[in-house]
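Peer 1: Sequence:
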Amino acid sequence: MVIGLPSMKTPKAICTICLMGKQHRDVIPKKSSWRASMKLQLIHADVCGTISPASHSNKRYFLSFVDDYSRKTWIYFLHAKSETNGVAEHNNRTIMNAVRAVLHDKQVPKAIWPEAIRWCVHVQNRSPTSLVDQGTPKEVWSRVKPCVDYFRTFGCVAHVHILYQK
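Anchor point for the sequence shown: position 69 equals 70 in the numbering used here, and the numbering is continuous, going up by one each time.
Accuracy of the hints is not assured; some may be wrong.
Said to hold, decoys possible - With a straight-line cut-off of 20 Å between C-alpha atoms, the simulated EDC-like cross-links for lysine to aspartate or glutamate are:
no., residue 1, residue 2
1, LYS167, ASP150
2, LYS13, ASP47
3, LYS60, ASP47
4, LYS73, ASP106
5, LYS40, GLU84
6, LYS73, ASP47
7, LYS146, ASP134
8, LYS82, ASP47
The set of hints was computed from the structure by calculation and includes no laboratory data.
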(Lines of atoms letter the chains of each structure in order from A and count residues from 1; the text may use other names and numbers.)
(Lines give C-alpha, C1' and ligand atoms only; values in the text may rest on other atoms or scores of the structure.)
Protein backbone atom coordinates (compact mmCIF):
# COMPACT_ATOMS: atom_id res chain seq x y z
CA MET A 1 0.00 0.00 0.00
CA VAL A 2 2.85 2.40 0.85
CA ILE A 3 6.62 2.19 0.55
CA GLY A 4 8.77 2.17 3.68
CA LEU A 5 6.25 0.99 6.27
CA PRO A 6 6.68 -2.48 7.75
CA SER A 7 3.69 -4.82 7.92
CA MET A 8 2.24 -4.83 11.44
CA LYS A 9 -0.39 -7.00 13.08
CA THR A 10 -3.33 -5.36 14.86
CA PRO A 11 -3.24 -5.99 18.62
CA LYS A 12 -6.14 -8.08 19.97
CA ALA A 13 -6.19 -6.35 23.37
CA ILE A 14 -8.54 -3.41 23.92
CA CYS A 15 -6.69 -0.19 24.69
CA THR A 16 -8.66 1.93 27.19
CA ILE A 17 -6.84 5.13 26.19
CA CYS A 18 -7.63 4.45 22.50
CA LEU A 19 -11.31 3.93 23.33
CA MET A 20 -11.45 7.17 25.35
CA GLY A 21 -9.80 9.08 22.50
CA LYS A 22 -12.37 7.78 20.02
CA GLN A 23 -15.49 8.57 22.07
CA HIS A 24 -18.09 10.81 20.47
CA ARG A 25 -21.75 11.69 20.98
CA ASP A 26 -23.52 10.51 17.84
CA VAL A 27 -23.23 7.34 15.82
CA ILE A 28 -21.76 8.08 12.40
CA PRO A 29 -22.73 5.58 9.69
CA LYS A 30 -19.71 3.55 8.57
CA LYS A 31 -20.92 3.29 4.99
CA SER A 32 -22.52 5.99 2.88
CA SER A 33 -25.31 5.14 0.44
CA TRP A 34 -23.27 6.80 -2.34
CA ARG A 35 -19.52 7.16 -2.95
CA ALA A 36 -17.74 9.46 -5.35
CA SER A 37 -16.40 7.80 -8.49
CA MET A 38 -13.59 10.31 -9.09
CA LYS A 39 -11.44 12.68 -7.07
CA LEU A 40 -12.90 16.04 -6.01
CA GLN A 41 -16.44 14.93 -6.98
CA LEU A 42 -17.52 15.17 -3.33
CA ILE A 43 -15.67 16.93 -0.51
CA HIS A 44 -16.63 16.56 3.15
CA ALA A 45 -15.76 19.44 5.50
CA ASP A 46 -15.93 19.96 9.24
CA VAL A 47 -14.59 22.27 11.92
CA CYS A 48 -13.11 20.64 15.01
CA GLY A 49 -12.62 22.50 18.28
CA THR A 50 -12.39 24.19 20.74
CA ILE A 51 -9.17 22.31 21.50
CA SER A 52 -7.54 22.98 24.83
CA PRO A 53 -4.86 24.00 25.46
CA ALA A 54 -4.32 26.34 22.54
CA SER A 55 -1.32 25.70 20.29
CA HIS A 56 1.88 27.74 20.57
CA SER A 57 0.51 29.97 17.82
CA ASN A 58 -2.81 30.28 19.73
CA LYS A 59 -4.83 28.03 17.40
CA ARG A 60 -7.84 26.31 18.97
CA TYR A 61 -9.61 24.82 15.91
CA PHE A 62 -8.88 23.02 12.71
CA LEU A 63 -10.88 22.76 9.53
CA SER A 64 -10.65 19.47 7.64
CA PHE A 65 -11.59 18.64 4.08
CA VAL A 66 -11.85 14.99 2.99
CA ASP A 67 -12.08 13.88 -0.63
CA ASP A 68 -14.77 11.17 -0.70
CA TYR A 69 -13.13 9.16 -3.48
CA SER A 70 -9.51 9.01 -2.29
CA ARG A 71 -10.05 9.94 1.37
CA LYS A 72 -7.17 12.44 0.99
CA THR A 73 -7.44 14.97 3.80
CA TRP A 74 -6.43 18.63 3.98
CA ILE A 75 -6.40 20.58 7.26
CA TYR A 76 -6.16 24.26 8.16
CA PHE A 77 -5.56 25.51 11.69
CA LEU A 78 -7.69 28.39 12.97
CA HIS A 79 -7.63 30.82 15.88
CA ALA A 80 -11.42 31.04 16.02
CA LYS A 81 -14.37 29.19 14.52
CA SER A 82 -15.59 32.45 13.02
CA GLU A 83 -12.62 32.39 10.61
CA THR A 84 -14.45 29.73 8.59
CA ASN A 85 -17.79 31.41 8.13
CA GLY A 86 -17.58 34.98 6.84
CA VAL A 87 -16.71 34.58 3.16
CA ALA A 88 -18.67 31.36 2.60
CA GLU A 89 -21.77 32.61 4.44
CA HIS A 90 -21.77 35.88 2.50
CA ASN A 91 -21.34 33.98 -0.77
CA ASN A 92 -24.19 31.60 0.13
CA ARG A 93 -26.43 34.59 0.86
CA THR A 94 -25.51 36.13 -2.52
CA ILE A 95 -26.24 32.85 -4.30
CA MET A 96 -29.58 32.36 -2.53
CA ASN A 97 -30.67 35.93 -3.31
CA ALA A 98 -30.00 35.24 -7.00
CA VAL A 99 -31.76 31.86 -6.83
CA ARG A 100 -34.89 33.31 -5.25
CA ALA A 101 -34.93 36.04 -7.91
CA VAL A 102 -34.65 33.68 -10.90
CA LEU A 103 -37.16 31.18 -9.50
CA HIS A 104 -39.65 33.98 -8.87
CA ASP A 105 -38.97 35.74 -12.18
CA LYS A 106 -39.61 32.64 -14.29
CA GLN A 107 -42.32 31.27 -11.97
CA VAL A 108 -40.78 27.81 -12.07
CA PRO A 109 -41.29 25.19 -9.33
CA LYS A 110 -39.22 25.83 -6.21
CA ALA A 111 -38.16 22.17 -6.28
CA ILE A 112 -35.69 22.93 -9.08
CA TRP A 113 -33.57 25.01 -6.68
CA PRO A 114 -30.48 22.78 -7.24
CA GLU A 115 -30.50 23.62 -10.96
CA ALA A 116 -30.98 27.31 -10.12
CA ILE A 117 -28.06 27.24 -7.68
CA ARG A 118 -25.84 25.47 -10.23
CA TRP A 119 -26.75 28.08 -12.87
CA CYS A 120 -26.21 31.04 -10.49
CA VAL A 121 -22.79 29.74 -9.39
CA HIS A 122 -21.83 29.02 -13.01
CA VAL A 123 -22.64 32.63 -13.93
CA GLN A 124 -21.03 34.01 -10.74
CA ASN A 125 -17.75 32.21 -11.50
CA ARG A 126 -17.68 33.83 -14.94
CA SER A 127 -18.68 37.33 -13.82
CA PRO A 128 -16.40 40.18 -12.70
CA THR A 129 -16.26 40.89 -8.98
CA SER A 130 -14.73 43.80 -7.11
CA LEU A 131 -12.77 41.36 -4.92
CA VAL A 132 -10.85 39.86 -7.85
CA ASP A 133 -8.62 42.35 -9.68
CA GLN A 134 -7.23 39.99 -12.30
CA GLY A 135 -10.55 39.03 -13.92
CA THR A 136 -13.33 36.62 -13.07
CA PRO A 137 -13.06 33.85 -10.44
CA LYS A 138 -12.91 31.26 -13.26
CA GLU A 139 -10.12 33.16 -15.01
CA VAL A 140 -8.04 33.52 -11.84
CA TRP A 141 -8.55 29.81 -11.03
CA SER A 142 -7.83 28.34 -14.48
CA ARG A 143 -5.85 31.15 -16.14
CA VAL A 144 -8.27 30.93 -19.07
CA LYS A 145 -10.60 33.77 -20.02
CA PRO A 146 -14.13 32.31 -19.84
CA CYS A 147 -16.41 32.29 -22.87
CA VAL A 148 -19.99 33.30 -22.08
CA ASP A 149 -21.54 33.47 -25.54
CA TYR A 150 -23.67 30.41 -24.73
CA PHE A 151 -25.34 32.07 -21.70
CA ARG A 152 -29.14 32.08 -21.74
CA THR A 153 -31.67 33.36 -19.24
CA PHE A 154 -32.44 30.77 -16.57
CA GLY A 155 -35.77 29.10 -17.27
CA CYS A 156 -35.98 30.19 -20.91
CA VAL A 157 -37.72 27.96 -23.42
CA ALA A 158 -35.32 25.51 -25.04
CA HIS A 159 -35.89 23.00 -27.81
CA VAL A 160 -33.96 19.76 -28.10
CA HIS A 161 -33.76 17.75 -31.31
CA ILE A 162 -33.69 14.01 -30.65
CA LEU A 163 -32.36 12.05 -33.60
CA TYR A 164 -34.71 9.38 -34.87
CA GLN A 165 -33.16 5.94 -34.55
CA LYS A 166 -34.28 2.91 -36.60
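Peer 1: Starting from LYS167, check that the Cα of ASP150 is at most 20 Å away, please.
Peer 2: This hinted pair is violated, its Cα atoms lying about 35 Å apart.
Peer 1: Would the pair LYS40 and GLU84 pass a check requiring their Cα atoms to be no farther apart than 20 Å?
Peer 2: violated (27 Å)
Peer 1: Next pair to validate is LYS146 with ASP134; report whether the Cα-Cα distance is within 20 Å.
Peer 2: Between LYS146 and ASP134 the Cα gap is close to 14 Å, so the pair holds against 20 Å.
Peer 1: Taking only the CA atoms, is the gap from LYS73 to ASP47 under or equal to 20 Å?
Peer 2: At roughly 14 Å apart (the allowed maximum being 20 Å), ASP47 and LYS73 satisfy the hint.
Peer 1: Is the hinted pair LYS60 and ASP47 satisfied, with a Cα-Cα distance of at most 20 Å?
Peer 2: holds (16 Å)
Peer 1: With a cut-off of 20 Å on the C-alpha distance, tell me whether LYS82 and ASP47 pass.
Peer 2: holds (11 Å)
Peer 1: Between LYS73 and ASP106, does the CA-CA distance stay at or below 20 Å?
Peer 2: violated (42 Å)
Peer 1: Would you check the hint for LYS13 and ASP47, treating anything up to 20 Å between C-alpha atoms as holding?
Peer 2: Given pair LYS13, ASP47 is violated - Cα atoms ~32 Å apart, limit 20 Å.
Violated hints for the displayed structure, listed by number in ascending order: 1, 2, 4 and 5.
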